[in-house]
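**Q** Note that my numbering gives residue 19 to position 19 of the sequence shown, counting from 1, and the numbers run on in steps of one.
Because the hints were derived from the structure by calculation, they are not lab data.
One or more hints might be untrue.
[Stated by the list, open to error] Pair by pair, the computed Cβ-Cβ distance ranges are:
no., residue 1, residue 2, range
1, 207, 313, 20 to 26 Å
2, 188, 123, 26 to 32 Å
3, 315, 213, 23 to 29 Å
4, 221, 308, 20 to 26 Å
5, 177, 233, 24 to 30 Å
6, 200, 134, 46 to 52 Å
7, 124, 214, 25 to 31 Å
8, 226, 147, 40 to 46 Å
9, 203, 236, 20 to 26 Å
10, 150, 207, 23 to 29 Å
11, 224, 133, 18 to 24 Å
Since this is a predicted model, take the numbers as computed values, not measurements.
For every residue, glycine included, the Cβ atom is placed at its ideal position computed from N, Cα and C.
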Amino acid sequence: MPLPHENAPMPMRTTTSDNVVRDFLISNSRIAQGYFELSGKIIDSLGEAPDYREALLTRLLDQTMAMTERYLLVHQQVLHDLYPSQTGTPAHLPAPAPEPAAPARAAGDGQRWLRAEISAITGAQPEALDLHQAFADLGVDSLSRVDLLDAMARNFPPLREHADAFFDLVSPADVLALLERPAASSGNEVRTRVLTHLASLTGFSINDLDPRQAYEEQGLDSLIRLDLLDLLRGEWPQLKGHDSVLAENRCAEQTIEQITRLLAAERVGETALAKAPPVSPQLQRALTLIHEGDANATDAERSFAELGLNGFDRAALCASLAQQGQAGEFAGEALMSRRTPREVAALLARMSETP
1 MPLPHENAPM PMRTTTSDNV VRDFLISNSR IAQGYFELSG KIIDSLGEAP DYREALLTRL
61 LDQTMAMTER YLLVHQQVLH DLYPSQTGTP AHLPAPAPEP AAPARAAGDG QRWLRAEISA
121 ITGAQPEALD LHQAFADLGV DSLSRVDLLD AMARNFPPLR EHADAFFDLV SPADVLALLE
181 RPAASSGNEV RTRVLTHLAS LTGFSINDLD PRQAYEEQGL DSLIRLDLLD LLRGEWPQLK
241 GHDSVLAENR CAEQTIEQIT RLLAAERVGE TALAKAPPVS PQLQRALTLI HEGDANATDA
301 ERSFAELGLN GFDRAALCAS LAQQGQAGEF AGEALMSRRT PREVAALLAR MSETP
């Protein structure tokens, strides 16, 4: 690819800055060229999988167009800053526009995308996949499910709020239902409600509130923050039992993000919890150790808040259970988002079904 302005007149003098600029342009060109060559090799290796080729080609095209624009723009800016009298703004180089919001995808798009991703993981033909078959039966292990989650987050940004509950999904059909489900409580809706209640308690208007400002700096002491929690539980009764988690948030932004994740986990986890296995002896032993034999504190059906488990206790319990299987190493924050010890055990059991 020829460099822009390579035929433009350059200064006759050669200075250290000229050499640095020349080296930069050459290095940047090599990086871009290497990317294009790698993209070509990826496309050539796809064989005869038309659905997957189409999905990947579309993605590569979008990335290549964005990279090309930035690549040319960097060259233009460097040359313009050093030689303002000899360079102009080419008419064919548009100013970079802000990235638009991800468009809503049709149901068929979600299924084609999902089939293409699983095909890339398993090697099976996209049209031959049974989406109702369990991940384990399809040969999708825990690491591959993490990769699939990452791809979902990139291609369907609104679904990032479901990340904590992803491992509760048993089959690609569950993932597809998640892709096609409209958000019942979107992040914007949660933000509006939280800030409305915060404004009523502080006396400020919503526009004057900085969600990232600490509650203490906004004049909310511990008692007023309890009032805020009461108001939020009134909005979302399903938040009952998560008081200890919500009370740890230091600002409205953290509260909004936490509520969004909890609501998403609650919706996605309802079906998985109904299929949860019986409470294992390992879970009962872990609870007994934490509470030193208190029988009332070993009820795995009760919420962590009702059991009196703080964040450190919950982390210790999750770590103890995760050590019993390799799958737990990949659960991360998903374990900490569970509401009860039974939900933690159910998540680990679901992950252990994958070889």
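**Q** Hint says 26 to 32 Å; check whether the CB-CB distance for residue 188 and residue 123 agrees.
**A** At roughly 40 Å between Cβ atoms, residue 123 and residue 188 fall outside 26 to 32 Å, so the hint is violated.
**Q** Measuring from beta carbon to beta carbon, are residue 124 and residue 214 in 25 to 31 Å?
**A** At roughly 51 Å between Cβ atoms, residue 214 and residue 124 fall outside 25 to 31 Å, so the hint is violated.
**Q** At the C-beta level, are residue 315 and residue 213 separated by a distance inside 23 to 29 Å?
**A** At 28 Å between Cβs, range holds.
**Q** Evaluate the given range 46 to 52 Å for the C-beta pair formed by residue 200 and residue 134.
**A** Between residue 200 and residue 134, where Cβ atoms are some 48 Å apart, the hint holds.
**Q** Indicate whether the distance between the beta carbons of residue 177 and residue 233 respects the range 24 to 30 Å.
**A** Between residue 177 and residue 233, where Cβ atoms are some 28 Å apart, the hint holds.
**Q** Are residue 207 and residue 313 spaced within 20 to 26 Å by their CB atoms?
**A** Violated, since residue 207 and residue 313 (Cβ atoms, about 40 Å apart) do not stay within the stated range.
**Q** Evaluate the given range 20 to 26 Å for the C-beta pair formed by residue 221 and residue 308.
**A** holds, 24 Å
**Q** Is the gap between the beta carbons of residue 224 and residue 133 within 18 to 24 Å?
**A** For residue 133 against residue 224, whose Cβ atoms are near 52 Å apart, the range 18 to 24 Å is violated.
**Q** Given a hint of 20 to 26 Å, does the C-beta separation of residue 203 and residue 236 actually sit inside it?
**A** holds, 24 Å
**Q** Is 40 to 46 Å respected by the C-beta to C-beta distance linking residue 226 and residue 147?
**A** At 42 Å between Cβs, range holds.
**Q** Is 23 to 29 Å a correct range for the gap between the Cβ atoms of residue 150 and residue 207?
**A** At roughly 36 Å between Cβ atoms, residue 207 and residue 150 fall outside 23 to 29 Å, so the hint is violated.
The structure fails to meet hints 1, 2, 7, 10 and 11 from the earlier list, while all remaining hints are met.
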